[in-house]
Amino acid sequence: MKEKQVFEDDLKKLQKIVEELSGGKLTLGEALKKYEEGINLAESCSQTLQEAERKVESLIKKDGRYTLKEFAEDGEGKD
Amino acid sequence: MPMPLEDKHIYTVSQITQEIGVIFENTFGNGVWVEGEVSNFKAASSGHFYFSLKDSAAVLSAAMFNRANRELKFQLQDGIKVICFGKIDVYGARGQYQMIVEKIEPKGIGARALAFEQLKEKLLKEGLFDSAHKRPLPFMPFSVGVVTSSKGAAIRDILGILKKGAPCVDVVIRSARVQGEGAAQEIAQGIEELNQFNQVDLIIVSRGGGSTEDLWAFNEEVVARAVYNSKIPVISAVGHQINISLCDLVADLFVETPTAAAKIIVDKKNTFLAELDNLRHEMVFSISETISSLKNNLTALRHALKSPLDRLHEKEQLLDDLSAGLSQNMRQLIEITRERASSLIHRLGALSPLAVLSRGYSLSMLMKDESVIKDALRIKPGDRVKTILSNGSFISLVEEVRRNERKTGF
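Order-wise, the sequence lines are chains A and B. Reminder that position 17 of the first sequence reads as 17 in the numbering used here, one-by-one numbering, no gaps. Reminder that position 92 of the second sequence reads as 1092 in the numbering used here, one-by-one numbering, no gaps.
Worth double-checking, as some hints may not be accurate.
Unchecked claim - Result set (DSS-like, lysine-lysine): computed pairs, CA atoms no more than 25 Å apart in a straight line:
#1 Lys55(A) to Lys1268(B)
#2 Lys1386(B) to Lys1368(B)
#3 Lys34(A) to Lys1295(B)
#4 Lys1164(B) to Lys69(A)
#5 Lys1042(B) to Lys1122(B)
#6 Lys62(A) to Lys1231(B)
#7 Lys1134(B) to Lys1042(B)
#8 Lys1263(B) to Lys55(A)
#9 Lys1107(B) to Lys1120(B)
#10 Lys1231(B) to Lys55(A)
#11 Lys1231(B) to Lys61(A)
#12 Lys1163(B) to Lys69(A)
#13 Lys1151(B) to Lys1134(B)
#14 Lys12(A) to Lys1231(B)
#15 Lys13(A) to Lys34(A)
#16 Lys1120(B) to Lys1073(B)
#17 Lys1042(B) to Lys1081(B)
Stated by the list, open to error - Interface residues of chain A toward chain B, partial, derived using beta-carbon atoms under 10 Å:
#18 Leu14
#19 Lys55
#20 Lys61
Since the hints were made in silico from the structure, they are not lab data. A virtual CB, placed ideally from N, CA and C, is assigned to each residue, including glycine.
Please model the complete structure; the sequences and the hints are all you need to start from.
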């Protein structure tokens, strides 16, 4: 959820930068700064999407509290 | 021929009613099946059902007590044709007989199918399928909750597709039995728990293919309501060929297989990656545009800046051109002047005293003041005189001066 929020915020920022850049009303200094920022945001968003470290867990409720337990991915998860 | 009164067997109302009861008991005691249309249906607050069965010619009162009607899969209502099983009972207090119904089957359609249609109708009226209630799928689900059997094919399919296509997505499995008694309750509870846990962006409710019977849990009201009440968007992915489950109808999106559900997430990821590439290209394009437009401005400015110098150069060139022209003109002028001068000189030459001298005349001057001697009276003997000839001169001493008596011209 947190990851999603960061991604969403970054993407919004990125879209705003792209708009500002295409608006052509920035000074060269501003434009270059925005451009660099935009490229970094695009890079970080892409990285988030291309990350390969997913977690697979089971949700277990015990005594009214939730815990996550690692799920054995070979399809033989216990429970 | 009436018997004498004293010989007759006289029943009390209660006795005869009881007798009738015995006859009914003997005749219908093992239960009978009666077919008819339901009318005057009432569900009492006690939970008992009261209604009538009728056909074109007769009406039979019926009661179904709560103990029996709890098992009823569909909703009893006026107008439906049913087949009831039960006993015929005498209700002495009212002098009536009625059927005590133990079981009811809808006529012509399975109880389950009727129940499904009835429930669907009810949920439709309540607005559970309204498209206005459908939530958009999340921006990009980085965490997906799956309600399904942890041992089933559905979770294996989903994990397989996600691992290959979108390994950035975390999966939280809320295991639930997906068929059999109590499965619907577990599925519903799973959806509720994932909502309470509140750490996934999307819920997939799923099971692999199976018979209509196998998939029945996804048609139950408790599941439909849990999906409807979920704050997190729900994809229903119940493997089926023909029938659409109630879970499908309520869900924000439904697909036919667990694999298809996982592919939606993979597609979303790929769409975003492509979008990011587009944004990157747009930025590169924009910045190039900005730079090239600035370059153009700069060139224009440089032109503007250089222009005074250019103008000076232009003026210099003009000046050069002009001066070239001028000297040309001057030369011509000089030439003309020279020619005129030489012709004048030529003409002058004819008038020159020197020309006269060359014809044998001479010119004499007094040495003392170099004045030309035109008057004989001006010279005296002893004066020195310079005489100029055409090709030289000589100096002489005057011995005598003579004056002409007659005036003559020169």
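Quick one: which hint numbers does this structure break? Sort them smallest to largest.
Of the numbered hints given earlier, those the structure breaks are 7, 13, listed in rising order.
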